[in-house]
Structures are given as structure tokens and as C-alpha cells.
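A.B. asks: Could you put the whole structure together from the sequences, leaning on the hints where they help?
Below, each chain spelled out in residue letters.
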Amino acid sequence: MTETITPSQTVGPFFHYGLIRPGQTDIAPSQVPGQRIVVEGRVLDGDGQPVPDAMIEVWQADAEGRYAHPADPHGRGANSGFAGHGRAPTDTAGVWRVTTVKPGAVPHPKGGTQAPHLTLGVFARGLLLRLHTRLYFDDEAANATDPVLASIDADRRGTLIAKGDAAGGTAVYRLDIRLQGDGETVFFLA
Amino acid sequence: MTAAYPADALKAHPSNDYPAYNSTARRHPSRPLVPLAHTLSELTGPVYGHDDVTAAEADLTTRHAGEPLGERIIVAGRVLDEDGRPVPHTLVEIWQANAAGRYIHLNDQHPAPLDPNFTGAGRIVTDAEGRYRFVSIKPGAYPWRNHHNAWRPAHIHFSLFGPSFLTRLVTQMYFPGDPLFAFDPIFNSITDEKARARTVSAFDLDLTQPEWALGYRFDIVLRGRNATPVEDPHHD
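As given, the protein sequences belong to chains A and B, one line each in that order.
If you count by the working numbering, then the first sequence holds residues 1 to 190, one letter each, in order.
If you count by the working numbering, then the second sequence holds residues 191 to 426, one letter each, in order.
Bear in mind the hints are in silico, worked out from the structure with no lab data behind them.
Heads up, a few of these hints could be off.
[Unchecked claim] Below are the DMTMM-like pairs computed for lysine to aspartate or glutamate, each with C-alpha atoms no more than 20 Å apart in a straight line:
#: 1; chain 1: B; residue 1: 384; chain 2: A; residue 2: 3
#: 2; chain 1: B; residue 1: 201; chain 2: A; residue 2: 3
#: 3; chain 1: A; residue 1: 163; chain 2: A; residue 2: 182
Just so we're clear, the structure is a prediction, and the values are computed from it rather than from any experiment.
C.D. replies: Written out as C-alpha cells, the structure is:
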């Protein structure tokens, strides 16, 4: 007999002292191998205004494409000290930011691989249910053959692809999450 | 392809497009969600349990020098999946207002007193049978500006992970018989009556401790996997 699940409710505006802890924006401790990157962006509402009370959760594979999780057959070998999970609240300008290592390509169930990506959950006052999206990197050739990107209308794919900037040394990838309206981010039903 | 996590369960959730809750107006996606097959990225998820959660974090009444004001409560239950299987060793995080209906958060401007002996945040990892138990203070109702004379029913925020990215849940636990239910758009955004009832805890005399605290039972049901993997008949 299948039971009704407990439904979602909004995270509300006052989650910070319950969910945000020091160190959550630093996903990969310094000993974790891989290319160190900064990922940042704004969360914007349907008026293009910053959303200052959102929280982004990040889930990712390590630099070799392994998830630190028992469901990944290669996960046992995942880099020690790398949990692959981060949380970042937005600030008054709607900006969120994490530091991490760039993930490797991960397998796709129909064969082949998926281009390197972060899985993102978006929470905020006014969102009754978490939004689920992904962040890809603009300098990855594998984007061209990624099955998930291929499943999205070409004119909307760009909403998932962060633009890299290596001018300052450490590569910074930027992607705004637009909840509604022009350039609305692709959100998934999974 | 049959999804590892059946999509039927998602019907219990509210829609993000729910006009009675004003903050949704400019924040809900206007384009349809894009279907995503479940890959390793979705079937895995954050694993806690080797974390730094301490036993003291499950008692919100002993985090300061003195005892907080209010009605002491025990909130306990099990975390289960859709088939009634326990979800062991998963992180449960909670946060709440104090007995006067005031959050310690800087942005809470409700003119009710803060309690120097109450922060209102707790964590626990479920045991091998999916059980958890918090001790706290019953939170007060508080006003918000969604509409004229709008008050939120008393609630405790809950955050859970479960075994994958797809089982992640943030919700709110309510108290039985709250007279504010009928007027609260957040509670009523859950349109299915059975699903709405899932968010309401039950007073439990067995959980209640004589001369000490009232007990409320709150079982949480997370999305579940198919019991056995279903192979695509066209690819066998």
C-alpha cells in the first residue's frame, strides 16, 4: 500500500539560523584534487529584482565524476573529504556563491556520459516547492552531446550554462537563476 | 522508461503558482517544468551521518543558561518512505518561532519578545528504524502581512534529505485543531486533503511525560523508490 507523501511547504524567510552553517559554501576542502572554481550568480524574480532570501543547494560529483553516495558504483572511491554538497544563501543583492572543484563527467543510464554539471535546488519565501535545475560550464565541449541539454529547447539551453571567467586566476563561473519571465531558467520535473 | 522514483507521489505537493500566497506572484516559474529522466545525479544525494550532529542539538530547551518560557513539548516520530519502510540515518533539521511567536531572525519585526533562552533551531540524525525525537517549546502563532489580519498557524519548519536528491523535503509541521488553518494560504496550498493532513501532528498521550511535557507525534513520509527496478521491455 503506497502512502501519501508529506507535502512540501515554503522554507519561509527565516530559515538562516536553522539551515545555514559556517563552511557550507566551501564544498571542496583544500586537499580535494581537481580544478578549483568559484560558482556564483544572482537569483532574480519575475520583475528582474534580486531575491535576497533564497537558498541554493548544490549537489555534485568529484573531479573524476564520482558521487560520494552508495548508489554510485564508483562512489566508494570518491575523494575523501569531498561530500559534494553545499548550501549558499543569497545576500541582499540576490547573490549566492560557492567554491568547489569542477565536477567530472558522470554516466547517463542510456549509455555515454553527461557533461560536467552541478545539480541545484532553489528554496525561497514564495516557493512552496523546491525548484530543481542544473548548472553546466560554457567551456565544456561535452555540452554539445549532453542528453539532458539536448532534451531542452535550443533557445532555453543557455539558461543552464554558466559563463567562465579566468581573468583573476581562479576560474569564476557565473549564472543567474531567473525564477520567472524573460530568460526564465529551465526547471525540471523529476 | 519507468522512473526509479514514481512521479505519482509528486501530486501531494502544492503548486508554486498559488495566488493566495502573495509572495508566489513574481517567484513561480511561468514555463512548464521540463521532464528529466533519473540519472545518477538525481538518484544520489547528500549523505549525512558521519557529520558533526551532537545529541544535545535535539533538545532546544537546553541550549542556553536558563530554560525558555512556554509550553514544553516532545516532538517525535518516524521518517518513512511511501511503502512504509523506515528511512534510517538521515538528517532532520528544524527551526521555529519562540512561544511568543517571534523568530530570532533579524528580519522578524513582529513586536513580540525574544527569549534569551531560546534560539529555536535543532538537528538530529534518524536511528536505524527511522526514528527521531526533539524536545522544544510550542511555538506561538504570528502575524504576517500577506493579507489583512493574516496569522500563521503555529508550526515547526522541518528539513529532510532522505536517500537521494529526489527525496529532499522542506515542510512545516502544524499542531492539531489549530483555528487558523482555515485562513492560512500556505497550509491550504496543499490542495489534497490527505496530503494536508500529513503536515498536522497528533497529540499523543503515550509520548507525553507526566509533570513534564506534552507529546506530539509527527511521522514524515518521503518519496520512495520502486521496490524492484522495472526494466524497459524494449531494451532487455
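A.B. asks: Hints first: check each against the structure and report whether it holds.
C.D. replies: Quick rundown of the hints versus the structure:
no. : hint          : in the structure
1   : 384/B x 3/A   : holds (10 Å)
2   : 201/B x 3/A   : holds (12 Å)
3   : 163/A x 182/A : holds (18 Å)
When each numbered hint is compared with the structure, no violation occurs for any of them.
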